[in-house]
Amino acid sequence: MSPFLEPPDASMPAVSRGAAEGKSSPSASEGRSPSTAEIALSTKANTKMHAEKLSAYFGKSQVLKGIALPILEKKVTAIIGPSGCGKSTFIRCLNRMHEVVPNAHVSGEVTLDGLNVYGRDIDPVRLRRRVGMVFQKPNPFPTMSIRDNVLAGLRLNGMRVDDAESRVERALHQVALWDEVKDGLDRAGTSLSGGQQQRLCIARSLAMEPEVILMDEPCSALDPIATARVEELIHELRADYTIVIVTHNMQQAARVANYTAFFYLGEVVEFGKTDAIFTHPTQRRTEDYITGRFG
Amino acid sequence: MERKHTDREYDRELDALREQILLMGAKVEEMVKNALLAFETRNVELARQTIAMDRQIDLLEIDIDEMCIKVLARRQPVASDLRFVMMTFKHVTDLERIGDLGVNMCERVLELGERVVLRDASAAVVRMGSVAQQMLHDALDAFVASDAHKAQEVIRRDQQVDNYYAQLFPELVTSMMQDPNLVSQATKLQSLGKYIERVADHATNLAEMVVYMVKGQDVRHHAAEANREN
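From first to last, the protein sequence lines are chains A and B.
When we follow my numbering, the leftmost residue of the first sequence carries the number 1, and every step to the right adds one.
When we follow my numbering, the leftmost residue of the second sequence carries the number 1001, and every step to the right adds one.
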């Protein structure tokens, strides 16, 4: 078993949770953004993950420039920003999906419960069980049934599934899909509507029993009703999971997220409570972006 | 708000809203000014004309409310845009009530007629009215200029009007006790004082919303703390 699945110990590289205090808005030149420490104090939430001096590259092109950002436990954190600002790259760095791209590499640290996920002994596959991901387009495996889609992550990871039926039912209940599909679990996953397929993908992620769920524009291909169902699901899931959602839809960020980070040109311009970001942001660039004044 | 939205139609909608609320503010200010002048000069004709203005204020209230609802529904404004729309939405209510108080003031002027009695108390009402009118003027100026400092000055002056009223009331009571023939006139002056005190309260509300619009900071009900910062 990878030490990554064991409790933190002295042999593992660790970054203190306070390491990035006061650095949550590195580009701040106007009003002051509350620091990580202030936010943590005001919520009493633990920092589940933490990026520190995180830079990401595609070849020589740098897409993230020294990001410092906390991801608070059992909270929803939204990442917003214009196309190309690095928000998808950022979440892909959180579960080491970025390095899967040829020539892509990362510097700096990302911690999960204080452990550096880029540490030498870390198995990225095991990491991704703890930090699951849901993608923009619903991507159920086309040749698999609904049941097999839910179990796909477990089976592909070579895990024994002794309680397959109950796991399937539990995961489908969690995404409020059970009542809609319980009489046709052998149907192809792709036979479902777009919104149902996305919830199936979330169920597939939940079946792995992750602690953190990364969502990369999970509703951009869905109609308003299907979007509302996914958002309702996010509200439910945050009681048990830490969620990071990348979205172009700022109203969605305002609706679902406890915290919002505004990314621009690979940097965090502002990070704070969602209510504050959407009523009185401290940074001019945040204001311009969310009000639609961005040039 | 000098930076333009990418969708310029959105700018036009907010500009139209701004123009309407300024128009309403100007009309309400004119009503208060005329009502006070009608009292000071016992000009019943001016009082009648001023009462007739209230219809325009009421129509503007309906119009601006509808504009706010449309912008909220269509644009889902955030940050400074949201604060501006919410401020406008609340301003409308205060302005409409100030208009109603202008009507009430004029009604008392009509009842008082052209003869001036209780000269000292009348002069006190005029002084009090002058402060309240200036507060309203400055609150609207602060809105136009997005000037939070000026708005906080308005908030501070509300106490001055309250003090005037606190002095006026016992003076009128004493006058009524000394000469029961003055009761009718004195109660009308007392009402005028109360209306002016309410105008100042609404001007304070306007100013508080300007601070919120500019700074994103709610200073209602703890204006004393806000004042201490300056």
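A portion of the hints provided could be inaccurate.
Within a straight-line C-alpha distance of at most 30 Å, the following computed DSSO-like cross-link-like pairs (lysine-lysine) qualify [said to hold, decoys possible]:
(1) B/Lys1070 to B/Lys1194
(2) B/Lys1033 to A/Lys273
(3) B/Lys1150 to B/Lys1194
(4) B/Lys1070 to A/Lys273
(5) A/Lys65 to B/Lys1150
(6) B/Lys1215 to B/Lys1070
(7) B/Lys1194 to B/Lys1033
(8) B/Lys1004 to B/Lys1090
(9) B/Lys1027 to B/Lys1004
(10) B/Lys1215 to A/Lys273
(11) B/Lys1033 to B/Lys1150
(12) B/Lys1215 to B/Lys1004
(13) A/Lys74 to A/Lys60
(14) B/Lys1090 to A/Lys273
(15) B/Lys1027 to B/Lys1090
Source of the hints: derived by calculation from the structure; they are not laboratory data.
Note that the coordinates shown come from a computational prediction; the quantities given were computed from them, not determined experimentally.
Quiz item: Which of the listed hints are broken here?
Solution: 1, 2, 5, 13
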